[in-house]
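Protein chains in written order, with the numbering used here: chain Z, 1 to 113; chain U, 114 to 223.
Please keep in mind that the hints were generated in silico from the structure rather than gathered at the bench.
C-beta atoms are modelled at their ideal positions from N, C-alpha and C, and glycine is treated no differently.
Over 10 Å on every C-beta distance to chain U, these chain Z residues come out as not near it, computed from the model:
(1) A2
(2) S7
(3) L21
(4) D24
(5) D63
(6) S73
(7) T76
(8) R81
(9) T111
Okay, derived cross-link-like pairs now, DSSO-like style, lysine-lysine, Cα gap no bigger than 30 Å in a straight line:
(10) Z:K57 with Z:K11
(11) U:K155 with U:K192
(12) Z:K17 with U:K155
(13) U:K210 with U:K115
(14) U:K210 with U:K158
(15) U:K210 with Z:K11
(16) U:K155 with Z:K11
(17) Z:K57 with U:K155
(18) U:K155 with U:K210
(19) Z:K57 with Z:K15
(20) U:K158 with Z:K57
(21) U:K210 with Z:K57
(22) U:K158 with Z:K11
(23) Z:K57 with U:K115
(24) U:K155 with Z:K15
Which stretches of chain Z does chain U cover? Using the computed rule of at least three CB atoms under 8 Å from a CB of chain U, they are:
(25) 36-43
(26) 102-109
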Amino acid sequence: GAGVSQSPSNKVTEKGKDVELRCDPISGHTALYWYRQRLGQGLEFLIYFQGNSAPDKSGLPSDRFSAERTGESVSTLTIQRTQQEDSAVYLCASSSSEVGIQYFGPGTRLTVT
Amino acid sequence: RKEVEQDPGPFNVPEGATVAFNCTYSNSASQSFFWYRQDCRKEPKLLMSVYSSGNEDGRFTAQLNRASQYISLLIRDSKLSDSATYLCVVRTGTASKLTFGTGTRLQVTL
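Isolated chain U (complex conformation):
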């Protein structure tokens, strides 16, 4: 079983739609969780950290469910510019090494 699993998609949604991605992780000792965004042929960039209580940043909401070992990302009012691959990222242990999921591809259309 992979450490971090994501549905690869693609998710094709119209502008203005709400879309949600889930990600599961296998190690219950994982401590930190993040969503990164990767545009086509570009490097990954941090989108947001995921906190136990859930957190929101504008149109983006991240949730963590430790009991079920999954993380979610909700995007409201999708924009064309949201089209990208969203990477679920987990840190386990004391080192700062991260494990990246293979990503979920989002395509927002007119």
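In isolation and in its complexed conformation, chain Z is listed as follows:
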């Protein structure tokens, strides 16, 4: 079946512009996660959606970052007024009730110039 998909795969933007990154989770997966991975670094948790519960936003680095999820499907991560330090790969993952098994999308590579 289809895995997690993300778009765009690459995004180059100018400093100060807003960007939207999209994630399509595996159908039926109730949980969805966003991570950031800077070059040569580990995964940094950003936000987590579980069903209809309030999202866990504890990892968002600033108020320039926000995310939404429509029901149990598509999610968008929005970064406003991008800065050069926002350059990274943004990974989305989804999971079903089998706790701990997260399936990752291929990521969006964001470059802020």
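Following the hints, position chain U against chain Z.
Below, chain U without anything else, positioned relative to chain Z:
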């Protein structure tokens, strides 16, 4: 102290060698443990879960030591294709949120 700590490596080993990685976690209430693998410029993928009794999957063996709060991964008969970064992953609490270590890089050479 980081929640999950790993030696970043790199571990450079010849084909056929046995190599072991350790990982320590800080929260004694952590409940689930995993090893994920991440190839260069690719997304992480689940390698195996880690059970209290230890578990094996082909050439890979995972162990959990709750008393010392560490997890290990042993790879026997290393292949070139094993070259990747191995991420130690821990779940703490009832939510399914995971904490990832920064990874240990393995390079298997001829």
